[in-house]
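Colleague: With the hints as your guide, set chain Z onto chain X.
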Amino acid sequence: MKRRAFLKQSALTTAGTMLIPGFLKALESKKASQNGKILVIIQWSGGNDGLNTVIPFRNDVYYRERPRLAVSGTEVLPLNDELGLNPALLGLKKLYDQGFVSLINNVGYPNPDRSHFRSMDIWQTASRSDEYLSTGWLGRFLDASCAGNCQNAHLAVEVDDTLSLALKGEKIKGLALKDTEKLYRATQSPGLKFLAQQAHTHPEDDTQHYLYKTLAETVSSAAYVYEKAKTYRSRYTYPNHALGRQLKTIAEMINSGVDTRVYYTSLGGFDTHVNQKPQQDRLLTAYSEAIEVFVQDLRDNDRLKDTVIMTFSEFGRRVAQNASNGTDHGTANNVFLIHGGKAQAGIFNEMPNLSDLDEGDLKFTVDFRRIYATLLQKQLQFDPGKILGSHFELLKWG
Amino acid sequence: MPSLNETQKIHHLYGRAAWGLTWAQWQDFQKQSPEKALNDLLKPAKASLLPLKVVEGEPPSLVELRDMSKPERQEMLKNSRKQVVMLNLAWLKEISQSPHPLREKMAFFWHDHFACQPKNVYHAQSYLQTLRQHALGKFEDLLLAIAKEPAMLQFLNNQQNRKASPNENFARELMELFTLGRGHYTEQDIKESARAFTGWAFEGANYIFRSRVHDYGTKTFMGKSGNFGGEDIIRMILENRQTATYLTEKIYRFFVHERPNPARIQSLAQSFYASGYDIGQLLSSIFNAEWFYASENVGQLIKSPVEYLIGLQKNLFMQFVSPEGPIFIQKVLGQMLFNPPNVAGWPGGRAWIDSSTLLFRLRLPEVLYRLAEIEVEVKDESDVEKMDFQANRPQRIQAQFDQARIQQAWASRPENLYAPLADYLLNRPLPQYQSPVLERLRGLPPQ
Numbered sequence: 108m109k110r111r112a113f114l115k116q117s118a119l120t121t122a123g124t125m126l127i128p129g130f131l132k133a134l135e136s137k138k139a140s141q142n143g144k145i146l147v148i149i150q151w152s153g154g155n156d157g158l159n160t161v162i163p164f165r166n167d168v169y170y171r172e173r174p175r176l177a178v179s180g181t182e183v184l185p186l187n188d189e190l191g192l193n194p195a196l197l198g199l200k201k202l203y204d205q206g207f208v209s210l211i212n213n214v215g216y217p218n219p220d221r222s223h224f225r226s227m228d229i230w231q232t233a234s235r236s237d238e239y240l241s242t243g244w245l246g247r248f249l250d251a252s253c254a255g256n257c258q259n260a261h262l263a264v265e266v267d268d269t270l271s272l273a274l275k276g277e278k279i280k281g282l283a284l285k286d287t288e289k290l291y292r293a294t295q296s297p298g299l300k301f302l303a304q305q306a307h308t309h310p311e312d313d314t315q316h317y318l319y320k321t322l323a324e325t326v327s328s329a330a331y332v333y334e335k336a337k338t339y340r341s342r343y344t345y346p347n348h349a350l351g352r353q354l355k356t357i358a359e360m361i362n363s364g365v366d367t368r369v370y371y372t373s374l375g376g377f378d379t380h381v382n383q384k385p386q387q388d389r390l391l392t393a394y395s396e397a398i399e400v401f402v403q404d405l406r407d408n409d410r411l412k413d414t415v416i417m418t419f420s421e422f423g424r425r426v427a428q429n430a431s432n433g434t435d436h437g438t439a440n441n442v443f444l445i446h447g448g449k450a451q452a453g454i455f456n457e458m459p460n461l462s463d464l465d466e467g468d469l470k471f472t473v474d475f476r477r478i479y480a481t482l483l484q485k486q487l488q489f490d491p492g493k494i495l496g497s498h499f500e501l502l503k504w505g
Numbered sequence: 003m004p005s006l007n008e009t010q011k012i013h014h015l016y017g018r019a020a021w022g023l024t025w026a027q028w029q030d031f032q033k034q035s036p037e038k039a040l041n042d043l044l045k046p047a048k049a050s051l052l053p054l055k056v057v058e059g060e061p062p063s064l065v066e067l068r069d070m071s072k073p074e075r076q077e078m079l080k081n082s083r084k085q086v087v088m089l090n091l092a093w094l095k096e097i098s099q100s101p102h103p104l105r106e107k108m109a110f111f112w113h114d115h116f117a118c119q120p121k122n123v124y125h126a127q128s129y130l131q132t133l134r135q136h137a138l139g140k141f142e143d144l145l146l147a148i149a150k151e152p153a154m155l156q157f158l159n160n161q162q163n164r165k166a167s168p169n170e171n172f173a174r175e176l177m178e179l180f181t182l183g184r185g186h187y188t189e190q191d192i193k194e195s196a197r198a199f200t201g202w203a204f205e206g207a208n209y210i211f212r213s214r215v216h217d218y219g220t221k222t223f224m225g226k227s228g229n230f231g232g233e234d235i236i237r238m239i240l241e242n243r244q245t246a247t248y249l250t251e252k253i254y255r256f257f258v259h260e261r262p263n264p265a266r267i268q269s270l271a272q273s274f275y276a277s278g279y280d281i282g283q284l285l286s287s288i289f290n291a292e293w294f295y296a297s298e299n300v301g302q303l304i305k306s307p308v309e310y311l312i313g314l315q316k317n318l319f320m321q322f323v324s325p326e327g328p329i330f331i332q333k334v335l336g337q338m339l340f341n342p343p344n345v346a347g348w349p350g351g352r353a354w355i356d357s358s359t360l361l362f363r364l365r366l367p368e369v370l371y372r373l374a375e376i377e378v379e380v381k382d383e384s385d386v387e388k389m390d391f392q393a394n395r396p397q398r399i400q401a402q403f404d405q406a407r408i409q410q411a412w413a414s415r416p417e418n419l420y421a422p423l424a425d426y427l428l429n430r431p432l433p434q435y436q437s438p439v440l441e442r443l444r445g446l447p448p449q
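So the sequences go chain by chain: X and Z.
Last residue of the first sequence? That's 505 in the working numbering, and every number before it is there in order.
Last residue of the second sequence? That's 449 in the working numbering, and every number before it is there in order.
Same shape as in the complex, but just chain X (with noise of 0.2 Å):
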């Protein structure tokens, strides 16, 4: 559907929540700033052990360390002659065999930290370890993309109930929701419809003003990205958990076109402190099979070439095993980019240094905000210095 059809006929669907001030002309004004491309951040909550997903296999410090968690080098899947990924990715290494995925190693950031709130507020707020920045980077990046009319809260989506940190900017946060039809549902009753055109009987600077504003993004995001999602409907299966059906949704909106640069969703649960095995094979299962899944819908619909998907976890584990059969907090982890577009892929840098070990743990070699920085200028096509405050190596990537 054209888009001035589509927003004349949805005019006429949601009339009312169509008619807020502004809502249709910044519809419009988007399309030249548009291009198309798109972000998808998956957090691994709780601390990834990322030496048990990417495998030093030839390294004997990684089996002396853990001789009872270690995985085999015949249980592998190689990437090389030296690292593999952990069986329970299948679906990743079909993605890598064809070229989709880079893979990071050794990211992390000066002073670590290891409580597991502290370490994601960082990578979601982008500070330094000794600063406290209370706006989420990508939050920044909405404020800094709608210079004067802030109406499009649906530029970065998260899919779950609650919004998180990362998408929290100063002026305009993301837009969090689980389900496109659940979201509009819950917008449309016409006292929320009514109360949302009120924003304009408040001077600008007033509190209230910013409450009826943002529900008034609110229930316009939510119309625009229900009538427009509704246009495509997936015919993949993918695998009935929380991990899959967020992924679905949001192949669902790239692919019917809604207009969001951002899409974030997490998976819990990597917090292996106890009986690391069964827990983290679960985990690393529902990824790489939803992943595969997802990857596919957006091939299909010729978006893969458009999209760049990052997994991260707030940090890894240390490099010993502990004596539950677990893993403790540690530092640097590996970061995956899945693409489709001209970005090399393979494995972008060293692997892991096991016998240069700070306290027990890996030490950093790429700082993540060199990634946010690369993702940032190349993907949403904005000024990192920008978002970021400082100035940032963009990585030989993309």
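If you are wondering where the hints come from, they were derived from the structure by calculation, not from laboratory data.
One thing to keep in mind: the hints can contain errors.
[Claimed, not checked] Calculated pairs, DSS-like style, for lysine-lysine (alpha carbon to alpha carbon, straight line, at most 25 Å):
#  : chain 1 : residue 1 : chain 2 : residue 2
1  : Z       : K333      : X       : K289
2  : X       : K278      : Z       : K252
3  : X       : K289      : Z       : K381
4  : Z       : K80       : Z       : K333
5  : Z       : K80       : X       : K384
6  : X       : K384      : Z       : K72
7  : X       : K278      : Z       : K305
8  : Z       : K38       : Z       : K48
9  : X       : K449      : X       : K144
10 : X       : K278      : Z       : K333
11 : Z       : K305      : Z       : K252
12 : X       : K384      : Z       : K381
Modeller: Same frame as chain X, but now just chain Z:
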């Protein structure tokens, strides 16, 4: 907007300096002057403050800890985290019933200011008692007591701050977040003051000074040299007027308006400094000021989730029956007591409101009255073992409404309920345009 009438002034005051009004209070205050209402609030407590406790006694000693097996220790830690959640609930209950709401409000402010995440319930109890006990007293007493709280010593790693290997975490936050604010000290000041706090540690739930690891050498701090201890550093920081300005601005933004008014803050800060950092006196100046009741400052603060939660209970004749409700609401809306995101506290203000939290707030009364289902699920908290009452998405929130009092309150009301309701729930005249909003909402069936 027209200026406030007497009752509206009291309403505004109790929204800010307390946690809102119950129906009964609102009725009483109709006949009172704002001055009397303010005096009630500021009146010091007669009885001495009893600590809030969910466990008695002392934490296990080092010897006892050593003799525990690993599973026993893990069980103990798990229990302790659960008890911290119980303490969260106990404090909420205390807040909602306290005859000294201002003290609790200020303790809540200080919890955000001296943000930390105690995992040990004995530490949490002691930390909370310090916040409440000194909430309205002299800031120096509060700061010194907090600096010696095991919860804070642990959270900011001062337990590891030793002469041979100083840890600067506490010294840095002391200046950056607790007193002076960024840009009013040097990295050298942090290094030197960290040395002064070496040996400040805890054992069990008690502060101890480990003289063996304390650095008795000469330190140079803010241009002065001497064999300074932690107390000296705190005294010097308080001698700096910037501390009064920094604190006053934060308090102003909490109680009056997010947008600071530099002239007012400067004048308040001067008196605050001159009074020897008397917190109660500073608050009294704010609540007595005419500008506090000016229309530009009314209805302009966004309630934090805990304020919202308590306000609901007070306004709606409601009590939570089981712990799921208040815990779930705190989580969805992003503010769990004893679990601020980091040492900088909760971002607050507009940061409380996004698409998801706004819809949840709008819908919560319906959920409480069982007119709507809970449709929200909170994120998995990976490193906290879930307790039986901490469902990510509870079936329902069990709340009890005082039906008799609701009937009594509205029995004599005219058919048209919404005007008096708005009077009771809002602290200012209802703007003209909002009448049709209420008209519309009134006739609507629940969704």
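Colleague: All hints are to be evaluated individually against the structure, with a verdict given for each.
Modeller: Right, here's what the structure says about each hint:
{"no.": "1", "hint": "Z/K333 with X/K289", "in the structure": "holds (21 Å)"}
{"no.": "2", "hint": "X/K278 with Z/K252", "in the structure": "holds (21 Å)"}
{"no.": "3", "hint": "X/K289 with Z/K381", "in the structure": "holds (18 Å)"}
{"no.": "4", "hint": "Z/K80 with Z/K333", "in the structure": "holds (19 Å)"}
{"no.": "5", "hint": "Z/K80 with X/K384", "in the structure": "holds (22 Å)"}
{"no.": "6", "hint": "X/K384 with Z/K72", "in the structure": "holds (21 Å)"}
{"no.": "7", "hint": "X/K278 with Z/K305", "in the structure": "holds (18 Å)"}
{"no.": "8", "hint": "Z/K38 with Z/K48", "in the structure": "holds (18 Å)"}
{"no.": "9", "hint": "X/K449 with X/K144", "in the structure": "holds (13 Å)"}
{"no.": "10", "hint": "X/K278 with Z/K333", "in the structure": "holds (23 Å)"}
{"no.": "11", "hint": "Z/K305 with Z/K252", "in the structure": "holds (16 Å)"}
{"no.": "12", "hint": "X/K384 with Z/K381", "in the structure": "holds (23 Å)"}
When held up to the earlier numbered hints, the structure conflicts with none and fits them all.
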